[in-house]
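Each of the two chains sits in its own frame; use the hints to bring them together as a complex.
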Amino acid sequence: MATIFIDQRSYDVPDGMNLLDASLTLGFNLPYFCWHPALGSVGACRQCAVKQFRDEKDMRGRLVMACMTAAAPNTRISIDDPDAREFRKSVGEWLMVHHPHDCPVCDEGGECHLQDMEVMDQQTYRRYRGLKRTFRNQDLGPFVNHEMNRCIQCYRCVRFYRDYAGGRDFDAFFLRDRVFFGRQSDGVLESPFSGNLVEVCPTGVFTDKTLKLHFTRKWDERTAPSICVHCAAGCNTIAGERYGLLRRIRNRFNGEVNGYFLCDRGRYGYEFVNGPRRVRAPRIAGRADAAAPSDAVARAASPLAGGSGAIGIGSPRASLEANFALRALVGPDRFCSGMGAAEHRLVSEVLRLLQEGPAPAASLHDAAQADAVLVLGEDVTNTAPMLALALRQSVRQQPMKAAAALRIPAWDDTAVRNALQDERGPLYIATVAATPLDDVAAATMHAAPDDLARIGCAIAHALDQAAPSPRGALAADAALVGRIAGALRAAERPLVVAGVSLASQAVLDAAARVAHALHAAGRPVRIALVVPECNSLGAAMLGGCDLDDATALLWPGSPLIVLENDLPRRCGADRAARLFERAGELVVVDHTLTPTAERATIVLPAATFAEGDGTYVNGEGRAQRAFQVFVAGGDVQESWRWLRDLMRASGRGGAAAAWETLDDVTGALARELPAFAAVRDVAPPATFRIAGTRIAREPARYSGRTARDANVTVHEPEPPGDPDSALSFTMEGFQAQPPPAQPPSALIPRFWAPGWNSVQSVNYYQTVVGGPLRGGDPGLRLIEPAAPGAPAAAGRAPSAFEPDDRDWLCVPMYEIFGSEELSALAPSVAALAPRAYVALNDGDLHRAGLREGGDAVVASADGTCRLQVRRVASLPPGVAGIGVGLQGAPWMRLPDRARIHPAERDR
Amino acid sequence: MSFHAKMAYDATFQKSARELAPDDAPFAYTPENRARLDAILERYPADRKRSAVLPALYLVQYQQGYITPGAMRAVAEALAITPADVEDVVSYYTMFHTRPVGKYVLNVCRTLSCAVNGAGRVVEELCAKLGIRPGETDPTGTFTLVEVECLGACDRAPVVMVNDAWHECLDPAAAGRLVDDLRARGEAALSGCLHKVEEQ
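Residue numbers (the working numbering), protein chains in the order written: chain A, 1 to 907; chain B, 1001 to 1200.
The shape of chain B in the complex, shown without the other chains (with noise of 0.2 Å):
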């Protein structure tokens, strides 16, 4: 991502060789998607329901790699708010896709700590290897590059958040490693980490 005004983020950030779905594409969860927003929605009064809005963009993001405009009205919906209450989060948190994104995303922190301890590097490593520039998908569609902001293991720098997992104190060659190791193991790469994210 740069803050370069020359730069349109839109044509660049997240390209993928996939198809966009059309503005219009209804979204549906799955039953089992449903019934786990169902869960949590539990947690929360009838009246709150809007307190759900995170986890709710999660699991579409979870079912279909990107958050589509239908996906953000099917999600008001749910949660009886409107569909610019969903856009106002959905548009404010780098987490969240607007636009199709390989199957892991590498998200490189580039605050402080981690970039004095040689994020730059890290990205430099990883755009060799994937032959792709921060922002871009690479052509298989496996992986996608972003650099980001904090991801709050600053004593752990430099870190590379792939998905939901972190993967910390990464140099270079550590970072080629794990890429190889993604394409050959798939998910179970990421099963080695440190921390991962709690499950929703």
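Bound conformation, chain A alone (with noise of 0.2 Å):
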């Protein structure tokens, strides 16, 4: 703790930050513009100027930059003084020389940070009469919208997507009044991070171009706190609603997992809740219009009536809450996760690896402060972008222990990145194929998946001897192995990371026992194991069988439920089609109409995450609650209503036919289910109230809310009531704020603060700037390691891949945009997906007689498709990779022998 005199008053504030931290910390409001909490300090935009002194007799003191000052014990300051506040002022003038007057119809108006900046500093006129330089502004892709002409130059847009993010197509141009940021040539920004640009810039030069279809003011969004569901990392977002259309996600920062970033799925793939393929209405197979929600529940309970027999498939992509009902109505011994065979075993081996130990899960904030990373097997930013971001930031935590040494301080971001210049610590990579993470490694390794779980095998047995060591020659040199283990060894804080992304056992128990390796070697080793889907950990933490067996279980004739899952994803389009054959009635709860719900019988209409609350669990274990954001339109509900609903109307489930709210629904999983106990504690419940109100989902300012429905009624309806959640739908209750009353961290549905309009107005609600929330980052983690942990994995290493002469191994690849289901059905998601392709190796083209961007076939035991062809040149010999979840891959079981040949044959 250091004293600090502000405006003649003390204040004790944390060692080692600035004056702007500590002055925002303690609740001042401070203008600034360069300035970021995750990118740092440059004290480019002189904007956060304060008056400093030399002691209490110094009375003139001299202007120093907040944000480039340290806040050492007894620094005097002052934010009010005259001359601060006239410098600051022209400052905020300068700005605004060449900044248009345009916010009337700029998408940024009312959430602009810089809006709110020239507010705090009261620079009202515009002196300057000249005219005001432009550009050409760019085509970024769909994603970023790109106006130049608004533009102050602070340069927070190239230090997040250079420095912080890694990209390399962006950058400034030009100098002086004529600095321009973009990309050499119009075109497709690369990072899949850029969307971030959108909250990074503190005004209107990069917007979200998917709110551009359907804008809506911030103030005139109706949100709610939400989890993404496109990727198992589970980051916080606030959804926006207005007339029923979700408009956007924005990022809400969760210390512990996604901080104040999010990848370009999460922020961009919301848009399949408002696309053509909703279910809004139960459908009957064979009626041509919507059937009544009473008859199709009638018609779908009246076999369930009849006894035992049904089968209910659960989902890893639908909430803990949804999954739970389906087993209470089909019974435990017939609720099958709904994962594939092969994705059930390894996501229960990850559940397994996690409860048993020793390493405890790597949360994002523990990748991102990790100092040694081991990555084996995990392509990370396509299939948990997020995780990528993090490790990127890892690998500056060792060099910056160099620049402590030379007492620079951490925030002063210019000064560290002088000293460490490219250093950059140990994070190694293990994978089949290069990946975008490759250019910050210390080493890549590119070998077929039993030869990474080969390497892992040999790091671990160099970390402990007790490890077993592969036989015979390896894909990676002795050294390296040596260097990778010592590196994670000295590491203070080492990670693994792995995943079930390759499908392969060997690489997950390989990265185990280097973890447990770590572990013995009392290294307090943490461990990331990426899984598929939003709530993979969850669907697997229920119990339940896999898909094979339930196919198995199921007797003919038998009616089989479908919860939330498109089953020719999971198992191919064969064995599901043989599956809807065998069973008798077909229902599929689901909110969007997939190949599975066209074959149904009878359709339910679900809510997606916007429309019901629900409970997610994330790789790290982490159960979180998404809340509902509107009441969808048509007979849409939660999963979980419309599962009771058939209990009550088949007189099954027992005391779940009698659930009325969510609280209901979890409190009986936490009873039923230890491993759940506290996911009732996940949020606050729905009698919790603030100032003995419930907290409003509306902001202060939502408009026309009279006459938002005037084509429909003059009157005014009532508003809908919320039984799940502690919210409410309109601006009715409290409005979230920071202290002395802040919501509690789970239930804030969007941050503001007086004077503080923009996304900025997070630093408010944080215990320091930059830290957890007040109250504890949202989320509760269900799986912590036993004690003392489990003994390591018993048989050998793998024997080497051995490549074929005449078939390939296939193993599957991930596409960021494309390989997740309900992202893809976002237009602007789609429009970067790949088409279906399989990837092989120079020398492998060249063997199989193919040409890049031609066609190939794969012909495999579980059938022949069609795939194009893509040049990878890291691929290892013998191993193609094939594109999975794309648009026109029909499913294949991955790793698998193929032939492959070109199409051209065929014919």
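For the record, the hints were derived by calculation from the structure and aren't laboratory data.
Please note that a few of the clues may not be correct.
[Said to hold, decoys possible] In silico lysine to any residue, SDA-like type, Cα no more than 25 Å apart, as pairs: (1) A:57 / A:1; (2) A:132 / B:1149; (3) B:1049 / A:393; (4) A:132 / B:1147; (5) B:1049 / A:366; (6) B:1103 / A:174; (7) B:1049 / A:149; (8) B:1049 / A:424; (9) A:132 / B:1136; (10) A:132 / B:1148; (11) A:132 / A:94; (12) B:1049 / A:174; (13) A:401 / B:1162; (14) A:89 / A:149; (15) B:1103 / B:1048; (16) B:1129 / B:1177; (17) A:132 / B:1094; (18) B:1049 / A:166; (19) B:1049 / A:434; (20) B:1049 / A:423; (21) A:401 / A:275; (22) B:1049 / A:421; (23) B:1049 / A:874; (24) A:401 / A:366; (25) A:209 / A:277; (26) B:1103 / B:1049; (27) A:132 / A:174; (28) B:1103 / B:1162; (29) A:132 / B:1098; (30) A:209 / A:275; (31) B:1049 / A:185; (32) B:1049 / A:522; (33) B:1049 / B:1078; (34) B:1103 / B:1080; (35) B:1103 / B:1053; (36) A:89 / A:185; (37) A:212 / A:180; (38) B:1049 / A:277.
Right under this line is the structure:
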């Protein structure tokens, strides 16, 4: 703690802060532009000037930049000093010289940091009468709109895009008053984190291009705290709606998970909610018109009432509550997790590793803090994008120690970067092919899955002689293995990253062995295991069988209930068709008309994450609640309510049939399954009140509430009630604002503070700027490793991969845009999704007689398919990568051996 | 060059009768220049090729007079960086030309020391002599006149840099003679200057 004096009053602030951090943490209004809590200080904009005094006798003082001055003990400053105010005001005036007065037509208006700061500076009138400089804007792709005339040259965009996120196609050009931020030529921004420019830019240069298609002001959006459903990272989001349309996704700060940023899949995948494939009314096969909900439920329930036999197929993309309701309807023995056999086995293995330990799961925050990392088999940029962004920060941890030795504070970004240059800490990446994270790796290795496992085993063996040593030659050289083991052993916070994406038990085992060996050596190792979907771990925790077992369990003619799941994606069209044929009634509860729903005899329209509350367990084992944003039109309701209705109509489910609210469901879940005991505490119950009232989803300035539905009725309809959460659907209730009365962090529907309308207002909700939210970051970890931890995996390292001269080993490859089911339904994401492909290296292309860009036929045990040929030079010989989940890609079991030949030969 | 917002830089700066290469015109170093670039690249570690971006761009400029988008892409490829990285540098430095310039680029320093020693009169003389304004190229495509900031020769102000060579302590008459000399003797006129940029 350091005592500093601001305007002659003393304050205690944590050590190592700068004056801007300290002032904002203490709640002062000090304007700034170029500083960002995640990006540090560069002292470029001169907006945060304060007057510093030598001691109590110094009356003159001198102007300093708060962001560049350490908050050392006994620092005396004045924020209110007339000279400092005048200086800040003049900076505000310069910045406005070229800034257009187009706020009413600018998407940023009303949530613009520049607007806020100009008001704070009391810079009201413009004296400049000259012409303004103008630019030609660029088309930066489907996500980000570019309007350079509004730029105030704070450089935050390049600092985020290049320094923080590692993008290389975006830069600052020209100099002086002509500085231009953009690409060398028009084109899609290549970084998968480009959408963060929208929030990093303090004004309207970069705005959300998808929001533009259905624009709504921030104050006209009804918002709720939500969770991203497009991968297992579980990033916290704020989802905004108006007129029944989900308008956009913004970041919701969670210090343990996503911090200030989101990936583009998470930010732009939301449009599936508004998509044309949505189901909004019950459908009964053979009837052209929509069915009444009561008819559909009665018809679906009648075969259930007869007795047992119904199989329920859950889903790793549905909430815990929905899966649990299905489990209650069909019984634990007839509940399927909704995952294919291989995926079910591997995700269960991940769950076992996290439960038994010894290494605890790493949050994204832990990953960013790690000072030595081994990535084994996982292309994290495409399977858990925000983990890749965290790992990009981890390589700074070790060099930062050198900066600290030079007494450079961590927040002094320019000085730190000058001191560190290109120094990077140990990040070792062993994957099948090159990944977008390779540019910051100390070394990369590319090998077949079994060879990756062997490298992992060799590292484990180097760390702990008790671990089995792989026999024969390795795909990486021994010196490198020794270096990796040395770096992990020497680290203060080592991290092992692996996952299920290669569908390889051997790789998972090897990662566990490395973690175990590090633990045995007394190192505080953490492990990050990537699972595929937003609730994969939750579905695995509920138990249940896999899809193969479910097929075997299903008696011909028995009803099959499928919850938010598209089975052909999981087990292939043929198997799914056999399952459907075998089933009697096929009841699908889903929000989207998937191929499975098209086959259904009855479809019940389910709520998406934005239309119903639900709890999701991310890959770290953290349970987080996504709150309903709006009431969907039509007969849409939460999946668990449809399943509850089926219980009531069929007389099954026992006590579960009496569920009325979400708290009833989570309460029953917590009672029935001890692993979920904490799930009730993930968010305050629906009975929670703050200042005696609910928390309002609509901001106080929400406009047109009495006129909004005037095209339907001139009477203002009664607002919908919310039995499931402590949020209200209107502006009545507690308006989110920082202390003294701040909502519990899980229930913050939006960030706003007096004078702070932009995303920067989150500063006032944190214990210290950039630190956790007051009251703790939302979400609860359900899984902690048991002490003293499980013994190391038994068995030997796998034998080396032998390329076959006729067949290729096909392994899955993932795409951030396209591989995930729901985000691929969003037009902006779909626009960047590649065609289904098979990838080979140059030698193999030649051997197979294939041409890059041509078509190939891939023939495996699961049938043949025609795929576009992609050249990936880094793939090992004898290994082919198959893009999974992409449009036009038929399901095939991966990894598997397959023949590959040019499509021309087919004709 | 002007700071005035009314003046569109692109319209007048380095205006020339010569044809602009289209954006997508490919660029390739001549074998000699490629050899020189390779020699320069040898000075840097293989993963730090980007350190050679300035000499690589000068080689482009020696070869074709100015730097086209295609050339930026070629440089990016040669140095294993992105075209954005290259244009960042090209657009920042006034010494790099993105449009055709005359055979001789007269860079007149207008920063303080040169200004108080009469750089303004030197510019006037050159304008009158060549019949162009600063930022323009004469109709023959021989001379481009540019006003630049400090050239680092304040002790011998005012200074005019012609292509790579400084010509120092110039008064208007001397500047006029310099132009005549360049017209009469061409490249040879540059050899008499006090300093010359070291050959890359």
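Going through the hints against the structure:
1. A:57 / A:1: Holds, at about 24 Å.
2. A:132 / B:1149: 23 Å, holds
3. B:1049 / A:393: Holds - the C-alpha atoms of residue 393 of chain A and residue 1049 of chain B are around 24 Å apart, at most 25 Å.
4. A:132 / B:1147: 23 Å, holds
5. B:1049 / A:366: Since the Cα atoms of residue 1049 of chain B and residue 366 of chain A sit roughly 34 Å apart, the hinted pair is violated (cutoff 25 Å).
6. B:1103 / A:174: Satisfied, since the Cα-Cα distance of roughly 24 Å is no more than 25 Å.
7. B:1049 / A:149: 34 Å, violated
8. B:1049 / A:424: 18 Å, holds
9. A:132 / B:1136: 23 Å, holds
10. A:132 / B:1148: 23 Å, holds
11. A:132 / A:94: Roughly 12 Å between the alpha carbons, so the hint for residue 132 of chain A and residue 94 of chain A holds.
12. B:1049 / A:174: 23 Å, holds
13. A:401 / B:1162: With a Cα-Cα distance of about 48 Å, the restraint between residue 401 of chain A and residue 1162 of chain B is violated, given a limit of 25 Å.
14. A:89 / A:149: 21 Å, holds
15. B:1103 / B:1048: With Cα atoms ~33 Å apart, residue 1103 of chain B and residue 1048 of chain B exceed 25 Å; violated.
16. B:1129 / B:1177: Roughly 10 Å between the alpha carbons, so the hint for residue 1129 of chain B and residue 1177 of chain B holds.
17. A:132 / B:1094: 22 Å, holds
18. B:1049 / A:166: 18 Å, holds
19. B:1049 / A:434: Cα-Cα ~21 Å, so holds.
20. B:1049 / A:423: 16 Å, holds
21. A:401 / A:275: Outside the cut-off at roughly 49 Å; violated.
22. B:1049 / A:421: The hint holds at about 15 Å.
23. B:1049 / A:874: 22 Å, holds
24. A:401 / A:366: It holds: about 17 Å lies between the C-alpha atoms, which stays within 25 Å.
25. A:209 / A:277: Judged against 25 Å, a Cα distance of about 22 Å means the pair holds.
26. B:1103 / B:1049: Between residue 1103 of chain B and residue 1049 of chain B the Cα gap is close to 30 Å, so the pair fails against 25 Å, i.e. violated.
27. A:132 / A:174: Judged against 25 Å, a Cα distance of about 17 Å means the pair holds.
28. B:1103 / B:1162: 10 Å, holds
29. A:132 / B:1098: 24 Å, holds
30. A:209 / A:275: 17 Å, holds
31. B:1049 / A:185: Given that 25 Å is the threshold and the Cα spacing comes to 23 Å, the pair holds.
32. B:1049 / A:522: This hinted pair is violated, its Cα atoms lying about 41 Å apart.
33. B:1049 / B:1078: Given pair residue 1049 of chain B, residue 1078 of chain B holds - Cα atoms ~8 Å apart, limit 25 Å.
34. B:1103 / B:1080: 31 Å, violated
35. B:1103 / B:1053: 23 Å, holds
36. A:89 / A:185: At roughly 36 Å apart (the allowed maximum being 25 Å), residue 185 of chain A and residue 89 of chain A break the hint.
37. A:212 / A:180: 23 Å, holds
38. B:1049 / A:277: 50 Å, violated
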